[in-house]
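Q: The residues making up each chain are set out below.
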Amino acid sequence: MSVAVIGAGLAGRAAALLLRASGLDVTLIDAGPGATALGGGCVDTAAASPGVSWLPWRDPLQGRPLLPRERVQLVVAEQPTHPYTVAFGSDGDAACQAIERSIDALRSWLSPSGLAVEGSLDDARVLANLPGTVRVADYVLTGPSSGDLRGREEVVWVDVPGLEAWDPSYAARTLAYDLEALGLPAPKVRVLRGVWPERLAEPRVARLAPRLDRADVQTTLCEALAGQGSPERLLLVPPMLGVDHVGACLSRLGEATGGAVAEVLGHAPHATSGFRLQRALEQACSGVTVRRDRVSGLRERADGFELQFGEEPALDCGAVVLATGRYVGGGVDAAGVVREPLLGLPLYDADGRRVDGVPAHRSTRKGYANAQPLYSAGVRVDPAMRPLTARGEPWHGRLVAAGDLIGGFDPARERTGMGVALVTAARAVETVQAEMGHTG
Amino acid sequence: MSRVVRTRVLIVGGGINGTGIARDLSIRGIDCVLLEKKELGSGTSWASSGMIHGGLRYLQKDPEVTLHSCVDSGAIQRIAPHLIFRIPFLMPVFRDDPIGPEILEIGLEMYDRYVPFKNGRPHGRLTRDQALEIEPKLSPHIEGAFTLDEWGVDAARLCAANALDAQGRGAQIMTHAEVRSFLRDVPGGRVTGASVRDRVTGEDFVVEADLVMNAAGPWAPEVAEMAGEGFRLRPGKGIHLVFERRVSQMAVYARGVDGRDMFVFPHEQNAMAGTTDDDYYGDLDRIQTTEDEVAYVLEAMERSIPSIRQHRVLHAIQGVRPTLFGFGAYEDELSRDYRIIDHGAEGDAPGLFTITGGKLAAYRLMAEDAADLVARELGENEPCRTAELPLPGGDAPLDIAQTSRRFRVGLPAALRLGFRHGAGATSLLAATEFDPSPPRTVCACEPVLDTELRHVAREEGLRRLTDCPLRVRLGVGACQGAGCAAAAAAVLGQELGWEPARAIREATELATSRWHDVAPVLDGAQVAGMEVHRAVLFGLIGFSESLR
Ligand SMILES: Cc1cc2nc3c(=O)[nH]c(=O)nc-3n(C[C@H](O)[C@H](O)[C@H](O)COP(=O)(O)OP(=O)(O)OC[C@H]3O[C@@H](n4cnc5c(N)ncnc54)[C@H](O)[C@@H]3O)c2cc1C
Ligand SMILES: Cc1cc2nc3c(=O)[nH]c(=O)nc-3n(C[C@H](O)[C@H](O)[C@H](O)COP(=O)(O)OP(=O)(O)OC[C@H]3O[C@@H](n4cnc5c(N)ncnc54)[C@H](O)[C@@H]3O)c2cc1C
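Going down the list, the protein sequences come from chains A and B.
First residue of the first sequence: 175, per this note's numbering; consecutive thereafter.
First residue of the second sequence: 3, per this note's numbering; consecutive thereafter.
A portion of the hints provided could be inaccurate.
Claimed, not checked - The calculated label-pair distances, taken between Cβ atoms and stated as ranges, are:
no.: 1; chain 1: B; residue 1: D285; chain 2: A; residue 2: N544; range: 17 to 23 Å
no.: 2; chain 1: A; residue 1: R388; chain 2: B; residue 2: D263; range: 54 to 60 Å
no.: 3; chain 1: B; residue 1: D350; chain 2: A; residue 2: S343; range: 52 to 58 Å
no.: 4; chain 1: B; residue 1: D263; chain 2: A; residue 2: R475; range: 51 to 57 Å
no.: 5; chain 1: A; residue 1: R364; chain 2: B; residue 2: E301; range: 55 to 61 Å
If you are wondering where the hints come from, they were derived from the structure by calculation, not from laboratory data.
Just so you know, even glycine gets a beta-carbon here, dropped at the ideal spot from N, CA and C.
Starting from the given sequences, assemble the full structure and let the hints guide the process.
A: Now the structure itself:
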């Protein structure tokens, strides 16, 4: 009997790839992109989240910046509902090892597409965001990954005239200010104007990025920026250096300018980083059986499950990985009341309170930046990633969950979203393997 | 010693009444200072339906209000044609309506007599099939429909236009300036000015004036109380739901479970549905839309447009009507007319006047009345000219296509700029005409250009990012600020010399104020919308003072 993976974001694709590697017969159900395609170029596993007390960027006592590894320890010590804690208890080392294994796997999946995952749990990168604020990141994809600001003598923002929401003049000031606030020496920051090729003046990232996948267009840009770099100087450009060939574009720019070039961090629609990840994952899944459809119902049967697809033929399978995401993905729905649409699984916020069955706004609090129960809501799982019923028992032995569908953490605020997707997918796959009598 | 500003007339409140009076006085050459504790129009005026309607619903009980509204609607169209848009209405007829179509039509025929004053078309009558053809989302249970003609306005921009005109004629307009107490010449004597706090800088200063006009809308009793004067309003809370883009082609009437008339109508780039009317005695500075109100509005709309719940509600708007007090009457039957109180004649605070009640649509007439009285008090006899002189930008039509070509901006951007600034869009854009690169789009929903943001910061005295949803409609579209908060903070930061920390704080506060309006209506697609919103803004801004 095969295994069905419902949801084709990072969690679902990771699960499908791991299942296939272990020799299981797997069908991935792909209903189109979710949150993964909107990501900002970081694969956050334990990045600093300055608004969250238990994910500080600095050691509160000693004042020195924390390593991502130390933050994982803080998560499992401080946040009992976080999926890392659910999976590994207070064993932070085990969580770190799982993260590192998952990142290695991700690296192998993405490398054929030329997309590298840089970073480690023992170092933090300091990167520039589009408005000039900085982000302390752990793992970063090709594009922004070469933009570490530490130790630079000079940072130069390349102006792209007319580009929407891109305004380097003030960003340069903000960058200098934020680095100083982090206690890091601020490099000289300036804006490079008047060199961007006129042919490449486009207001929208979504129009510019695909053009830069073409070699001749890259050549135009290389010629325009030729000689502008130096080893001590970092050139920062908007997050639009191609969709499928960002690696090639960056290395050509590096050669032409004679220095370091990187994208700043941004989000859709002002960046293409998430689309790159989604496309590279799709390519990695080319050997996986994919059914492009949306699951409309999930029924338990004696020997497994039946997946329903509206009028289309149903699919039988022996085990199910639910990787349907949150609100963006569609794993949690909030029309009228908050609910998990396929099975009606109970949903809990980070404080362990149930939120399903009530209107979404009742799970909100005043103050935008405060913890919002609504946005930490998802299914509760056991350490084997089996969703639990309201009585705390596994819903079904061979039903597991992965990614944003699992509640107890807030991917926006806590910056562990993709880390959770990868680690929970790996743990869920282990459970399926054990249940199906397979050992990878 | 705190700073002292001297003027003849101090106006408290920068809603439509305060700004309208400031303009009227300035045209008459009477020096005045207007103090607004937040942003121009941020009180009731922003919360209104933005309709310069003739007040059909007041026809039966208060035809005076209908007449005022219609006459002045015509005047507003003359002086600010750019800010006005036609809203054709459709009134579906159901079998179980309490008032049959024949009687309804008699009412509409009566209304037709007022309609020419506001350049409207007389009402029309449609069969069921005609109505469904025009408005396919209408309930199949209708039996026919009437049409009538009303006008909409950007209320916040109308306040700004009045204030800017006043400023151009010498008035001082101060936003984020809150009146905290009044000055008296002797204890209990004449009101001679006010102590004011600048809520941005924290500075306390004093404005001395010959006369004070309290135009604080629903806050008017609170302000009068500072001079020991008591009078009562019957504050009526009203909310609207704002939908993404259009719900219907025309405005459509709906009926609440309690029989009240409501409507869903196109408003600017979006659609609005409302409104409610309930007594409100809570904190005027923390009005929040409740679950019951949202349910009540949606339920009413559902009767006319059954698919209403499939539309994405972006946010709510809430406000309180400064309705004149009438004991025991139902909320809806309270008078919509206005009063000017002379606290010297009617109380113990000579020098203080309060204007209260009324409607947006009748603001110009109310302002004329108030300014006549002020002029008399001050011994001036210049007549009112606000019905003839155009508001800024209203003097000539803007050629949208030519503006788009000449200034290298897209047609939608040119159109919206023309809507907000009228003919003034030309000089606004001329500031960047010869820049090497064209203006940048900061907010793609509206769209808003960086050039416009720079203009409102430089020329219109805009002070905070949280003022932008009102002043230029930034962040009130589908993205609710996710796409533009950081970029707009940067542009204003440059213009207003903000430290980066201040710009980050401004962006944070914009997000917080949008959340206030969005949280009560979170449902369906908007829950996912705000999930993206949070991921983007937490990513870009960080929301942390702890870094610093
Ligand atoms: C705007 C934004 C920016 C972000 N930036 C970052 C970042 O920079 N770094 C980071 O680490 N994290 C980031 N996150 C969080 C991160 O993207 C998520 O935590 C992660 O991608 C979740 O992956 P997932 O596979 O669980 O969910 P998703 O990627 O949402 O995938 C769920 C999938 O399930 C599918 N699905 C749902 N229901 C069905 C059904 N019935 N049948 C079939 N398929 C179905 C959906 O189509 C969707 O493709 C961001 C999130 C957002 C929204
Ligand atoms: C839901 C709703 C729908 C409506 N629809 C319509 C409509 O479609 N058409 C129509 O014609 N009318 C409509 N109205 C009525 C109309 O909005 C009001 O009559 C009008 O806006 C009142 O304007 P105002 O200037 O008196 O008050 P406001 O706009 O409230 O202005 C008062 C100002 O005073 C300021 N203020 C308060 N205290 C102080 C202080 N101490 N110091 C300095 N400033 C202070 C406030 O911040 C505020 O901005 C509607 C009202 C509501 C609530």
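Q: Determine for every hint whether it applies to the structure shown.
A: Hints, verified against the model:
Judged by the Cβ atoms, the range 17 to 23 Å given for B:D285 and A:N544 holds: they are separated by roughly 20 Å. Checked against the hint of 54 to 60 Å, the pair A:R388 and B:D263 passes, with Cβ atoms roughly 59 Å apart. In this structure the hint that B:D350 and A:S343 lie 52 to 58 Å apart at CB holds, the actual value being about 56 Å. Here the CB-CB span from B:D263 to A:R475 is close to 54 Å, well matched to the stated 51 to 57 Å.
Between A:R364 and B:E301 the beta carbons are some 58 Å apart, a value that agrees with the proposed interval 55 to 61 Å.
The structure is consistent with each of the numbered hints, conforming to all of them.
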